[in-house]
Structure formats: C-alpha cells, structure tokens
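One line per chain: the protein sequences are A and P, in this order.
Using the numbering used here, the first residue of the first sequence is number 4, and each one after it goes up by one.
Using the numbering used here, the first residue of the second sequence is number 4, and each one after it goes up by one.
For the record, the hints were derived by calculation from the structure and aren't laboratory data.
Quantities reported herein were computed from a predicted structural model and do not represent experimental measurements.
Any given hint could be a false lead.
[Claimed, not checked] Mimicking DSSO-like on lysine-lysine, the simulated pairs with C-alpha atoms at most 27 Å apart in a straight line are:
(1) K522/A - K84/P
(2) K8/P - K426/A
(3) K8/P - K426/P
(4) K426/P - K130/A
(5) K554/P - K537/P
(6) K522/A - K486/A
(7) K8/P - K486/P
(8) K554/A - K486/A
(9) K130/A - K554/P
(10) K430/A - K84/A
(11) K554/A - K571/A
(12) K537/P - K522/P
(13) K486/P - K8/A
(14) K430/A - K8/A
(15) K84/P - K130/A
(16) K130/P - K182/P
(17) K84/P - K426/P
(18) K537/A - K522/A
(19) K430/A - K130/A
(20) K486/P - K522/P
(21) K8/A - K554/P
(22) K522/P - K8/A
(23) K8/A - K182/P
(24) K182/A - K8/P
(25) K486/A - K130/P
(26) K554/A - K182/A
(27) K430/A - K8/P
Here's the letter readout for the chains.
Protein chains: 2
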Amino acid sequence: MRQNKLLLTTLRESPGDAEAMSHQLMLRAGFIRQLAAGVYTYLPLGRRVLRKVEQIVREEMDLAHAQEILMPTLQPTELWKESGRYDVYGPELMRLYDRHDREFALGPTHEEVITTLVHNEINSYRKLPITLYQIQTKFRDERRPRYGLLRGREFLMKDAYSFDVDWNGLDQSYWSMFKAYQRIFARCGINFRAVEADAGAIGGEGETHEFMALADIGEDTIAACTSCDYAANLEKAEVGIRSEKNEENIKLDQIAKLYTPNIRTIDELVESLQILPSEIMKTVMFIVDNQVVAVVVRGDHEINEIKVLNYLGAKNITIANSEALEGISSIAVGFIGPYGLDLPVLVDHSVVQMNSGIAGANEFDYHYQNLNPQRDINLEHVGDFRNVTEQDSCPRCSEGIINLHSGIEIGHVFKLGTKYSDKLGAKFLDSSGIAQTMIMGCYGIGVSRVLSAIVEQNHDENGIHWPLSLAPFHVHLLPISVKDDLQIQVANELYERLISHGIEVLMDDRDERAGVKFKDSDLIGIPYRIIIGKDAGEGNIEFVNRRSQAKEMMHIQDVVEHVSVLLKNSH
Amino acid sequence: MRQNKLLLTTLRESPGDAEAMSHQLMLRAGFIRQLAAGVYTYLPLGRRVLRKVEQIVREEMDLAHAQEILMPTLQPTELWKESGRYDVYGPELMRLYDRHDREFALGPTHEEVITTLVHNEINSYRKLPITLYQIQTKFRDERRPRYGLLRGREFLMKDAYSFDVDWNGLDQSYWSMFKAYQRIFARCGINFRAVEADAGAIGGEGETHEFMALADIGEDTIAACTSCDYAANLEKAEVGIRSEKNEENIKLDQIAKLYTPNIRTIDELVESLQILPSEIMKTVMFIVDNQVVAVVVRGDHEINEIKVLNYLGAKNITIANSEALEGISSIAVGFIGPYGLDLPVLVDHSVVQMNSGIAGANEFDYHYQNLNPQRDINLEHVGDFRNVTEQDSCPRCSEGIINLHSGIEIGHVFKLGTKYSDKLGAKFLDSSGIAQTMIMGCYGIGVSRVLSAIVEQNHDENGIHWPLSLAPFHVHLLPISVKDDLQIQVANELYERLISHGIEVLMDDRDERAGVKFKDSDLIGIPYRIIIGKDAGEGNIEFVNRRSQAKEMMHIQDVVEHVSVLLKNSH
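Pulled out of the complex, with its shape left as it was, chain A reads as follows (with noise of 0.2 Å):
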C-alpha cells in the first residue's frame, strides 16, 4: 500500500477527551475515529488489524471444532421474554419497533437466539456435543461508553456456544475453548491472565473464568498469586487463612465504653482515637433476600458482597438504609458493632484472628474497645466475607503472597449449564429415548477490546508497537526524499520484491520532511522500518526495530531474506 493515497491522517495532538492511551493513540495514529459515544469508524489501518483478530480466532475455533454461522442482530423480543431477561437486562438492550409495531432487540449477546435455534435443529444425543460460533457485530447501549474501543456501544465480538448431554461432556467443551482462547492471546502478543471468577454475579450454577490483558487502565481487579498460577477476579479471589486461633496467652483486657461524639467513620475513628484501621471492627448491615444481616470485617478491608450472596445462598444483597433499619431497636446508624447485636452477624476470617478490637456500641456516640472475638461475638457464621489485599496469602500453596493487577477483560468462558435450556426447551432424546435438558457453555471474546488491550500493553511516548501478528504492515518502508528519483526507484524495486514474497508493505511515499515521516511511523508503530537515503546508490538501507529502536545498516540484497526470517520466528 503507498501511503500517499491510504486514507491515513496523523493528528499530532489527541482529542481532549480520549483519557485512555489506547484511545489517544489509535485516533492519533488514524486507526480509529468516533462518530458518535461508543461508535467507532475502522479507517484502513483499523481494519486491517481487526481482521487480523477475526482471522486468528478463526483459524482456532476452527481447530477447536467449533462450527462457524451467523446469526442476525435483529431478535425477536418475544426470545427475551421467554429467557426471563427482558426486564433483567434493563437499559443497555437496545430497542426498536418495526413498520408493524413489531419490537426487535439489537442482540447484545445470543444465548436466547442459539438456544432457539438448536432447540429446532437438534432433538438426538447423536447430533451432540456441539460447538457454534460467530463474529458479529454486538450492541450495548453502556450508561457511560469511555476508553475508545474499550467500553463502545457498537463492538465486535465472537461468541460461541456449545451443547452438551451432560455435565462432563460440559466440562470438555469447556476446557477445549478455554484451550483455544489461550491459544488465541498468545497469537495476538498479549499478557494476559486467566483467572477465576465467579458464576453467581451471572446466574449461572457453575465454572466461569475470565480472560483478562494486565493493563493499568483494566476495570477489573485481579488478584494473582506470586508463586503458582493462582488467579481469579476481586469477586472471587478467595482469601488465604493461616490461622483461626489467635495468639494464646495473651491476657485480655475488659470491654470499655469509649465516649466518641459524632464519630461514625473508620476514617474518624482513626484520627480520633489514633489506632489504625486494622484494629477496627467494621460492621455494615444489608439487606440479602429481604433479610436483615450484619457482616463485620476488619476496618481496613472491603466487604465482598458476592462472597455474602453465596454463603447465604441469596440472590440481591443491598445496604441497609437508615429507613430499612428504623424499626429494629438495637440499631444506632453510625455506631453499629458486633456485641450485643440481635441479628444474624456474619463475621469475617480476619476478625476472628483480631486478638481485640473496636466497634460501634450500638448506642449513640459510644464505641467499644478490647473487644475479643472469641470471647464477645456470636461466631455461629464465620467466613471468607472480604475483598483480598495485596499481600493476603495465597489459598492455593503455602509460599506465595497476592497481588493485585489491574486487567481489561477480554475474554469469558462460562458453564451456562441448563439455564437458558430450560426455558427455551433445549431437549434432546438420550439413547434410551428419554428426554433431557441440553447442557450449555457459553464463550466470548471482544474482538474490537483486543486492539485497546493491546495498545495499552505495546506503545511508548511516541506511539504504538505492533505485535508481528496484529500489525496492520509487516513494514514500514521509508524513502527519505520522494524528489531523489534513486531513492523512488530503489524503493518501489524494494517494494515490489517484498510484496511478492507475501510481505506487507506500507510505503511513505509521500513528500514530506523525513521528520514528519518519522514522527508518523512511530506513532502507527509497524513493526520494522526500513529507511532509504542518501546511500541508496549503493544500496545500502536502515533497518530499524520500532520495539526495541535497534537500528542496523543492511545491503538491500539482504533485505528480504532478512525480514523472510522474522516473520517465520514469530509463528
């Protein structure tokens, strides 16, 4: 491709309100640009790219035997009455009416489509398992679309579903398409963690992973541990216990009453008293199931509201407002602690392990102080209740400790089970003839995401670097002075040579200074440059690194052998 006609415009500057550098850096390189929130143009460049994905994932569901189709984003919105998610899913599922008053979604995601369709298509135990997939335009209308690609509200996505006659077969289909999403982020370059997440947020009854690129601007919180491959989203992560007991023979102090007027925060308590956070007893009340319930953690933890759902086996956990906890007596908003409380008190680990404490008195301006768990709190519940911490143990082995990354999701694998099955009628005959409930996963991967997660993780202060098997041009091809009829002509021999031997070439063939060229290059970041100047009568190049910015004087002889090697390597 010659530059000078490629519809490719630089900007030097990025947009004021692109935050993230993936987003500056794709609209600046002329990859992308917005035509409206969350509604993006591929330019060339963009699209060269997202087709490198698309054909990536391709080739690896098509090894994982997975059956490519496609389904229309227009759906019926009976499907989603009949799924339960027609109110579930709230506003983000875009709505239309057609010319006959006909209510259409634009499909977000598929499960109610390919239920359908299976459920039509398939009614033997012969005919399964089977995997489906598509890549395929999705719509989200999010709250607040932001980060470019990251969170858009028209995206590309490959979704994939599979059948299954019963849970092991599940599990197979499950670990094969896990397999291939491994697969698939290491072909594109990108770091990547698969952890565990939980299955419950989503309603589902079991395994779930996430796919997640470590990235400073990821929404998601991944706990990962520094010794084995234990990882799993903030949800989920689990927190490692050492001990129940605490320390024996410690002589334990009287409860004391402590006066602290208007002092309600772990915050002002801290600076009140000058304790620190860890010696807090925080307790928070909510509402799980239309249930009252205390949980009480460490003041300087979280409390995880999907680890209190699972142990109670609930669906909705809200915090308790002041109006919800009017009538109960024993109650003072602001001053709530663990003793004395006429309530079902789920107490977290770490607590337990606190040798004495301070909590709300439950009583107006007062807290308690030397409270021992052991000793004053009803234990009946105790439990994994918190968020873990950056330097929490590990819950797998005995040597590491936890960090926390911050990830960008952009892959999910899901055992959907009998879910959608179910209501949609998904039945199969089994080799006696009887009738069962088909057994389904459900598979995804952000295709447009996977450009920002990988421009989050491969650029520098000027531009971006392309992994090899993402990158729009294999190389960038830079004759420094268009004017020079040597230069043009070693360049287009060069030029030619390369392409017939099936590599990508951009040329910059256009009349500008080498500054600005150079400028330009990084910043679209093609992964090798070759530059032709002065010594191209001699036929003697630059070959030049983006990554690395290695540069090294090369006979033009050599070039294509030489860049015939790299591209074999990185496969």
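Got chain A sorted already, so can you dock chain P onto it with the hints?
Coordinates of chain P only, in the frame set by chain A:
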C-alpha cells in the same frame, strides 16, 4: 468436516411460505433458517458460502485499489437530516432511541457517514482520488420481505464510495468499479447482464448501471438486444425508432364518432368493437409537478413514467384521479382522447406511426375512429414515452430486436456527483488552493443476495448445483455403509489425503441408508461426489459430477490428482 456432527438438518418438504426456489432449497438443504420475517441465521453451510462471496469481493476490491474500512451500523439521524434523506427514506429506515433519547438509524446505506468522514479526513486534491469500501450488515425495513435472502430486512452488503476531483476522475473510478463487478460476478459463476439504468429515478445526475442476474423470480425487467450488447432496465430502455412517417398514398378516412355506452377500458373496446389493442390510441392523464398532462401511447403499450418525467424535466408524477380532473371542461373520464384536448399532449412515436386509430372522444359514451395523427393530433410533443416490448427494434444496432428478461439486482454502480458532498460540505483545496466540491460515486453489491441468485440459476428438481468457486465444500465423500470397517477405513484415509491437498471435504459419516445419503447430497449440491462402496477393497470408487450427473469409476490413487486438476482449472 464430518457430517455426523455438522449442524445440518435437511428437510424433505419446504415450508409452505417459501415461494422462490432458492428460498425453498436453501431452507431444505440446511443453509439458512428464518428468525423473523426477512431476518435469517446462516447455518454452517450457508456461512461458508457467504464467506466465499465475501472473499471474492474483497480480493477484487483490493485489486481495484479500493481501501477497506468498517463504518458503524448506528448512525445519528442528524446526518440524515443534513442530507435531506431523513424524511424521504420513509419507514424503510429503522430508527431507535438510545438511553439518552438520542435518535439513531440502523444504516441501510452509508452515504451520509462516509461523506462526513471524508470531509473530516481529506482536504487536499493530493489525497484524491480515493475509493473506500466495507462489507457490512445493512438494515432496511421492507414493507413485504420475501423470497428468503432476496428481499430481507437484515442483509450483508458490500458498499463502496469514490471521491474524485472532477467528473473525468469519477468516470475512471466508476469504470474501475464496473470492471471489478464484472470480475466478481463472473468468478461467482453468475449469469448476469450489466444494464443501463435511470439515474433520475434516484435523483442523481450521472450514469448508472445495474448488475442483473437473469432469473425468472427476479422482480426487475431487463431489455436486451439479441444482436449487440445493449441492455437496460425497463425504466431506462429506449425504444428503437424505425420511421416517424406512416405509409404514403394511403387514403385517409373521415373521422367518425362511435356510440360506445359504458365502454371505458381498452379491453372493453377490443371486445365490443372486435379490434386489436394496437389499433387504439390510449390516453392517460397525469399530474406532473402540479401540471395536468396527457400521454398517448398505443393500446398495447405501457406508459413509462420515468421517461415522461425526464422529457419534462420534472420530479414528481402521479396518475390524475377523477377529482384532479374535475375542473377541466374538455375531459370526460373514461372517454379521454388526444383529439381536441386543450392540454399539453405527449405523443409516443408508435402512435405517430399509426395511419388511423380509435380514441376517446372527450365526451361520455363516445369514441372517435379514423383518427390520423398527422392530421388530427397536436404533435408538438412527440417522444419515447413507453416501455419497450419484446420484438421492438434495438435502439443501438440495426439488426437486433429486444428480448425481455427477468433479473435479480445483485449490484449497482452509480455516479452520484455532488449530491451528498454539497449537502455535507465535502470540499477539497485544488492545486490552486481553491475549495472545490468532491465528485462522488457509490457502488453496492448484495452479498447475501448473491446466494439466492446463484441457487435460482443453478439447481434441478433434486437440489442445488453450487459453482466450485462458492460451494460450501469441493467434495462430498460418501462411504455407503459406516458399519463396514473397510469402507470407513478407506474413506478416512481419502478424507485426510484430500484435506492435506487443500481440498475442502464434507464426509457423510452418518449411519443412514444409501438412498438418504444420495438424496441429501443432491439437495446440498456439492460439485463433486465420491462414493465409497463395495469395491473399496479393490481401491475403486465412483466419482460423480453433481451438475451433469456424469459418473465414472476411478481408482482411489487417482482421486486427489483428479480433483486437484478440476480445482486448478476452475481458477
């Protein structure tokens, strides 16, 4: 691919509402399934064919130096208001509101978005000409979706747009796309004609051609010369004129008034007077841009409203109803004729050529006979105002006559000129630094519609004949009995060998009777079939050509070479 696990259910009967043969066959052979009216899922076989069409389109677009981009489906309707199409497009434009009550359209076409994009990205003649394309799902809320993929509401299109500095440039861009379209449809194996179409009907100022696949189900009529390569759609097709003069030395009879009570239509006249329709002068009243106009054609001809519009340089035309004609004293509805009509009268050439004719007398219950055009009709406005008919002379060559064909529109190229660039401000600075408006062309291919066209043209009573270039697989491998270990072993070995040579194979490894396998194979329509039966032990197989039904026995060692040659020869 092994058929046992492929998502492929064939149907013995076609659903009752499938009228078109392509629709029936693609449903029965398991290529597509309907989700809602005009909204289809592509099953694995259908998706494979669709991807092959996409690939051919992409290769030819790239060869023509068009650059691939991807624009959003969601288009802010502000853009449609700017271009003036928001109201014009009508209910075919699907509209919705996002959570912030901002209105969006689901793109049925992308002139507004691309013109705005190019307006923002390109401001100099140096970056022109440029042609951009995308392959993307489009939405059009058809009043009456039908014929499967032929007239859907959600469908795949390739749309391209060219931007030039002047009309000469557009001419080059246009013919470059035209030639690419010829190559694309030829590679797809379609029997097509590129026909002249009328630009005025779409509001453009330039040339336009439609690419028509010849097929009886087609909703368009094409007039093509039997001798030269003239072809045009019915709206546009010119009538070849022999001579304006009627025969000389014919004795002219006097005009006579006939009492024809309640005889109003051509059919009634023909029956009552025992004459031919071609002896009648048919006069129809129109409102053209608020003016009442009479158009006279021969009784066996159809008036072409587009030609009337173009002759008058007008924009809107409707047939005048009785109310619209009430004020005009000289008119008696049902008995209108050209003689003595005090209005503009447009007379078709074929009327002028009549020696004598019968027409309404502009008086209730009366007609005239012996009307002679030269003597009795105001011939101020003589022109081509009718549709061509079979047997008309060719307007281009002296030998040919016109034949009419039905066609499916599969592509369209169109010189837009400045229609959108004017309204959306797409200007560039020319080499003198003066702002000029870009000259645009637009070019569309109905990618999913190509599938219907192919099947309409390539089938017999038993199923589809896919052309090799688009077939879901090249070879259908049929071991007759999967219970015969030897057959299965031979089939498996051949399967692997074919695949290792890049040949796409579907193996019917189902435990079904031979008759079922043959029936399904005929229905699906893979070009070559290899049958492995009782002679497998001796290494003999049967090789069948689906289209010709030609069968030959072949040694298994020769099969791979044979298929490879067939594949190579097809390119």
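Query raised in the report: Against which earlier hints does the structure fall short, listed by number upward?
Result: Of the numbered hints, 1, 3, 4, 9, 13, 14, 15, 21, 22, 26 do not hold.
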